[in-house]
Amino acid sequence: MSGATLTGTGLSWDIAADLRQLLQFPFMVNALRAGTIVAVAAGALGWFMVLRRQSFAGHTLAIVSFPGAAGAILAGFSAIIGYFAASVGAALVIAALPRSIGGRARSSESAIIGTIQAFALACGALFVSLYGGFLNGLTGLLFGSFLGISDSQVLALLSVAAAALAVLALIARPLFFATVDPDVAAARGVPVRLLGVVFLILLGCAAAEVSQITGALLVFALLVMPPATAQQITARPMVSFALTIGLGLITVWLGLAAAYFSVYPVGFFVTTFGFAWYVLAAALRAFLGTGRHPAAAVPG
Amino acid sequence: MGGPGRLDAAVRFEHAAVRMAGRTVWSDVNLMVDYGQFTAVLGPNGVGKSTLVKAALGLVGLSAGSVTVLGRPAGQAGKEVGYLPQRRSFDAGLRVRGVDIVGLGCDGERWGVPLPWGERLFPARRAARDRVREAINLVGAAAFASRPIGQVSGGEQQRLLIAQALVRKPRLLVLDEPLDSLDLPSQASVAALIARICREQNVTVMLVAHDVNPILPYLDCVAYIAAGTAVCGPPESVIRSDTLTALYRTPIEVLRASDGRLVVVGEPEPPARHTDRHADAAAR
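Sequence lines, in order, name chains A and B.
Just so we're aligned, residue 54 is where the first sequence starts under this note's numbering, counting upward by one.
Just so we're aligned, residue 118 is where the second sequence starts under this note's numbering, counting upward by one.
No lab work stands behind these hints: they were computed from the structure.
Here a beta-carbon is modelled for each residue, glycine too, at the ideal position from N, C-alpha and C.
A few of these clues could be false.
As the list claims (entries may be wrong) - Computed Cβ-Cβ distance ranges for the label pairs, DEER-style: (1) G178/B with F340/A: 30 to 40 Å; (2) N254/B with F172/A: 52 to 62 Å; (3) T367/B with R338/A: 53 to 63 Å; (4) G242/A with G383/B: 38 to 48 Å; (5) V220/A with E353/B: 53 to 63 Å; (6) P233/B with V220/A: 13 to 23 Å; (7) A164/A with W234/B: 42 to 52 Å; (8) G190/A with G178/B: 52 to 62 Å.
Only chain B is shown next, with the shape it has when bound in the complex:
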């Protein structure tokens, strides 16, 4: 699939703005994600990172500018986009297997009832079952996919949910805070998994995170949202003291720890956070 020289990017925001509840969340956002790239949407809590991916998915309308996804207006790429919303947790008592949750990614919105023994009668059902199995193997979830989803760990649930988003073989995978509330080893392994899917399956990945460190080694591009707008580019040119200082218009320092981790110091808290959260919940 085309490289950076290709005219139509996988995701392209042009002078985009979103207003919610009478307030501009961000404006004049220009963002280009090339095919096959791993892009992170970064920024402190409450700046509208989720709103950005929802705008790309067509779940939130723009008040200005334009956004195209896979060459089409947002929301019209259908099956070619896999979406994993912000952290969902499953009730520990939910007696439904992981494999069933993954299977819903395949045909969950179709009306009707799946016929029992349909797999033997219909080749399409067999193909769907094979795709579910393939996605489960791809994320390394085969060992626990048959257990009730409420009884597997957070990292294992996240792998199953990634499999669910991948089951229709999307060209673009949009993940909203997939590493949130995972322990550090799970964060590292899920980040490595997403990077591997991006490279091996040639899937464009757009991932929302508030901590860049677990994904830093894999990133091609970063969109940093702050102060009502965004800067985009390769991580080494965006996550720098001068770039973030210019973005926030207040002194920001980016420090590199001895183990290579980046620490952003001096980030101001975004204003009016509570209304942001409510607007987010209402838009969901």
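In isolation and in its complexed conformation, chain A is listed as follows:
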């Protein structure tokens, strides 16, 4: 078993020993650092994305990071530049698509986004074959990898996440208003359209970050699953936001640990844990019943 040769002793039932073993390698510490940063950024932006029904746009922003990274490697740049340039660029394109404030043009919007997504994926395939038929780490680009994350990469992830979260914190309340009630928000002077553009750019940053851990195809593990799960559990915005971040962190930590002790890709484990929380929450909600004692509820 190749995992055993890499990791030494393998998984035991002594959790403290397992943790010590996990943290003895710098590459694993960096993976956990990167995963933590990415989980927080993805949870925060993903929470709004799920509320805004923009999951498809979010997925596309992640998909284009694949040709971005492959193209950057082909051109001799660092992959990380390709990830961010492609995702943020695609965010600007999607933001420029015509769209009414009330969101009525969404059906044609999704068709355009789908077209962009397919073309981006095709470009990625082209770049990979141009590179010489075998791009080392192709499965990493698509399905995630946690090996070889350098200190400078962690620093890049941290700075982008910190900047994105700072902007999000600044616009959070009007963005929430514009998301759930765009007409009144616009009448009250909230720049609904501008907030939509800023949000897409932030989402592009988050999608590019998540792609570097879970791979371009599995970003939903951290971008959609935690917020969707949290919003199943509670309709209180503050609580579900906090729950989203918590679920994202647990998902990424467990996923990285599982990937460390096995030979399978990290994207599989992160996605499987995210999926498990969602199924549990949906089952719990179905079990408890959806119309939970409305008469007994007290506002506030």
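Model the placement of chain B on the given structure of chain A, informed by the hints.
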């Protein structure tokens, strides 16, 4: 607050006109809404009723004449005007509580994030929370305000949205088709609620409707828009065969059914309706 004798009305249009997409929507509109009155803006679909309230809110500019709201130019009365736009519906899957939607009426446009546990630390946040609760109780929404808004009925959503418009204690409440797409019992109860708020809270109400019947018993004043202009006055003098005939310049009959409902017969459809709708959507 002042009666009809007071010089500055809550809303006053003088020789007002609006042009949109190169077409005059209406012109020479003179309308006066007194403080504390319940006024309905009536007329068939597509004549520019929403445009009239948007002009009062300062969302649509006038091409001629003037409009003052609460003694100031349109759009400058800020918090003193509560606005409920034309029918919004909430996605059934939207997992946000009614109380949160009402709370956005309080501070939704403020930048930043509300701090968790801020209510314990800041008296202003506590006061805001109390105002939200007060508005919810006022519209009788306490029983369902904690449920996700997508899962309550249309009438219940409308009550919550009225609470949202009321949460900053406005002196003028502008409601655009609040009874549209509600079933008949909900129409009656929401109309009664709006009338009660008008009387008990001394809030001036300006309400757009295309059917006068649910609100007829409560109205002080009617602005009837048709044929590119408007007539205003007490309902019994406006919704009459001779007044509407003069307005439309074509024979109109107003009939009273045995249950007191008014039926307007012979209303011509306004021309160029499609461009109206687009102009409305663009102005929104």
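Report task. Mind listing which of the numbered hints don't hold for this structure, in increasing order? Result -> Checked against the structure, the only hint that fails is number 1, while the rest are satisfied.
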